[in-house]
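J.: Spelled out, the chains give:
Protein chains: 2
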Amino acid sequence: MPPAFSRDEYDARLARVRAEMERRGLDALVIGDPNNHNWLTGYDAWSFYTPQIVVVQHDVGPVWIGRKMDAGAAKLTTYLADDQVRPYPEDCVQQVGTHPMTVAGGYMAEMGLDGKTIGFEGDTYFLPYKAVISLQASLPTARWVDADLLVNWCRAVKSDAEVATMRQAARLAEGAMTTAYETVRPGLRQCDLMSAIVATQVGGTAEFGGDLTALSPLILAGEAAMTAHPMWTDEVFEVGQTVALELGGCRNRYNAGLARTIQLGRGTRELFDTARAVEEGLEAVLSVIKPGALALDTHRAWQEVLDRYGLTKDSRIGYSIGVAYGPDWGEHTISLRGGDDTVLEKNMTLHVMLGMWMDDWGMEMSETTVVTDTGVECLTRFPRAVHVID
Amino acid sequence: MPPAFSRDEYDARLARVRAEMERRGLDALVIGDPNNHNWLTGYDAWSFYTPQIVVVQHDVGPVWIGRKMDAGAAKLTTYLADDQVRPYPEDCVQQVGTHPMTVAGGYMAEMGLDGKTIGFEGDTYFLPYKAVISLQASLPTARWVDADLLVNWCRAVKSDAEVATMRQAARLAEGAMTTAYETVRPGLRQCDLMSAIVATQVGGTAEFGGDLTALSPLILAGEAAMTAHPMWTDEVFEVGQTVALELGGCRNRYNAGLARTIQLGRGTRELFDTARAVEEGLEAVLSVIKPGALALDTHRAWQEVLDRYGLTKDSRIGYSIGVAYGPDWGEHTISLRGGDDTVLEKNMTLHVMLGMWMDDWGMEMSETTVVTDTGVECLTRFPRAVHVID
Chain A
18 MPPAFSRDEY DARLARVRAE MERRGLDALV IGDPNNHNWL TGYDAWSFYT PQIVVVQHDV
78 GPVWIGRKMD AGAAKLTTYL ADDQVRPYPE DCVQQVGTHP MTVAGGYMAE MGLDGKTIGF
138 EGDTYFLPYK AVISLQASLP TARWVDADLL VNWCRAVKSD AEVATMRQAA RLAEGAMTTA
198 YETVRPGLRQ CDLMSAIVAT QVGGTAEFGG DLTALSPLIL AGEAAMTAHP MWTDEVFEVG
258 QTVALELGGC RNRYNAGLAR TIQLGRGTRE LFDTARAVEE GLEAVLSVIK PGALALDTHR
318 AWQEVLDRYG LTKDSRIGYS IGVAYGPDWG EHTISLRGGD DTVLEKNMTL HVMLGMWMDD
378 WGMEMSETTV VTDTGVECLT RFPRAVHVID
Chain B
18 MPPAFSRDEY DARLARVRAE MERRGLDALV IGDPNNHNWL TGYDAWSFYT PQIVVVQHDV
78 GPVWIGRKMD AGAAKLTTYL ADDQVRPYPE DCVQQVGTHP MTVAGGYMAE MGLDGKTIGF
138 EGDTYFLPYK AVISLQASLP TARWVDADLL VNWCRAVKSD AEVATMRQAA RLAEGAMTTA
198 YETVRPGLRQ CDLMSAIVAT QVGGTAEFGG DLTALSPLIL AGEAAMTAHP MWTDEVFEVG
258 QTVALELGGC RNRYNAGLAR TIQLGRGTRE LFDTARAVEE GLEAVLSVIK PGALALDTHR
318 AWQEVLDRYG LTKDSRIGYS IGVAYGPDWG EHTISLRGGD DTVLEKNMTL HVMLGMWMDD
378 WGMEMSETTV VTDTGVECLT RFPRAVHVID
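Residue numbers (the numbering used here), protein chains in the order written: chain A, 18 to 407; chain B, 18 to 407.
Hints in this document: simulated from the structure, not taken from any laboratory. Nothing here was measured: the structure is a model prediction, and the numbers come from that model. Watch out, some of these pointers could steer you wrong.
Below, computed lysine to any residue pairings styled on SDA-like, alpha-carbon distance capped at 20 Å [to be verified]: (1) A:K363 to A:R160; (2) A:K363 to A:V180; (3) B:K92 to B:P20; (4) A:K147 to B:R160; (5) A:K363 to A:T391; (6) B:K330 to A:P106; (7) A:K85 to B:D345; (8) A:K92 to B:M243; (9) B:K147 to A:T350; (10) B:K147 to A:R160; (11) A:K85 to B:S332; (12) A:K330 to B:P106; (13) B:K363 to B:R33.
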């Protein structure tokens, strides 16, 4: 299991990170987010439930610091040399009175980083408060600078190889939705539908397999449909229910999201009217995405359609999407909403996610897209109309 | 979808947390861990990819503070009253220059908590560094005290209803392993085996469905078998491979782990010798688990067996397991290892996890157990011998 991309590609990613570090005057960068570990080094293992970091410097290669039992994964799944893999002992895992990041900070001090200017990811889940203060205590004369999302922003524009991987993820997403369309029926338990969906996501195609998506697949049916992120249950689908599905596909940890809505039996006029507005809104959004457009332009186009239909939605309508383990597949950088003046560039990948959660029902429609030379391409290709099952 | 347990049970849990807060002199407790949210309030949604907290005080009920689009989930899945659900606006989600926990801290100030002694979970992934300092900045005269794992320790001894739920999770784990035994064969892709496994985990039984486990299911085969937490690939299983599987089941977010080892074709003497030692070691561990024993007693019993066989393992041999969303199903409290002097009590649930990751192969054997009045019961029931497929 070599890294998913070429050595040249990882070198280019590292150069991009170092250039941004240079610009900000950082001697070193502490990366805690496993998504960023994967993107920068190829590291791929379900080991991030114990804290692990990658330390980037300018003049020596990135160093992975993690749990001893996971050091083998660093050697197996990355281009890092043996001296770029620094395991901490097993006995500091979940141990009272010690912290793995105290040991990691000690390693960083040995690397000569005390007294230096060190960026760190201040808002990633995987580098919690105590991890940060443990690092800081181990390098007391360093200057610590918040560099949250520095790497995430470097990830925003994908390489062609990454886009190709996301195309595969999109195939898996379409497969998952096809399975859902073919399987859902009144009387079936939600868990049985989800069983078929995850089997398709993971089994993939004859050409390639899949991973579980970073965002849990979501079924919005019954009373849960008014909420955005419900967990599936043992309840059976019922005639008359509107069922929104936020599914996706994941290939080599790259995610593509795909949301659609199914109507079991007769739907309400409100549903079909809303669906028409959302589909028109989606088209409006897609029509403005191109290099040079601003993220907020997409929201303006959407809002114009919504205004015409007298609908409201106060949450954003999309975000940058890519490599992720969970709980989120969004990159926490670009948001499609008013006020986000990010200039769109070729090979950015955006999940345009239109969720309408009403008082007692909900519907969703989404596409995973890539910005092209002149506009946008939907990576996901699947009929958009509400799918009625009689 | 009402909460999974009775109102009385949640009341008892809250009383346990408040008693510990009282003992530590805390006026309030900020809980960031979604596992703890679920345990304390029933809250159940895949919304924890944006920060959310539950604030516990002595004289008023717990307050959930989270994203506006998830407030409906709080009303649907918990016993909290409307005034115990405080949404923050959508526009502070992943927004530069603001932080949802600044808003949350403002709500806490309104609740009269500035100047008070406030405990917080300092080492949970879901309350990162910037979340903590944002809260602290919003309540500048409060005294902030690290209360990491306070709730986790309250979770260590399960109620009978929780044990019953974990029995169901164990049924799902057995089903997943049965599927693996029936499906794996040389020439099959790893992703296809995993597809069948996750379908079984989620589809569950005729009586109840399942969730995806908090720890990703793991396949250790080929060169990846020397590492502890590899991700599955598209590679096919080969004759001669030793395949270790760390699977499990999850019911209402309660996890049961189950690891076993399969040999495809002829196995080495080293494998079967190691398996014999591990099985004997497992029996030795189980023989000492009972109320009043110490966690470290289990490790001593294990080490005696390993010493006799001339084997070594420097990682812990188990941990407390229970309710979890991921990335970990362990509770980060009890570890079965030397030095952990936790006194075992009835209804503690322990995943005894014996992973032997050798130079170029690996094997695993585990049981999810519950401490009984007089000893221990394996919740998972599945043949332990290495399963040879010829």
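J.: For each hint, tell me whether it holds in the structure or not.
T.: Consistency of the hints with the structure:
no. : hint             : verdict
1   : A:K363 to A:R160 : violated, 36 Å
2   : A:K363 to A:V180 : holds, 11 Å
3   : B:K92 to B:P20   : holds, 10 Å
4   : A:K147 to B:R160 : holds, 17 Å
5   : A:K363 to A:T391 : holds, 8 Å
6   : B:K330 to A:P106 : holds, 12 Å
7   : A:K85 to B:D345  : holds, 17 Å
8   : A:K92 to B:M243  : holds, 11 Å
9   : B:K147 to A:T350 : holds, 16 Å
10  : B:K147 to A:R160 : holds, 17 Å
11  : A:K85 to B:S332  : holds, 9 Å
12  : A:K330 to B:P106 : holds, 12 Å
13  : B:K363 to B:R33  : holds, 16 Å
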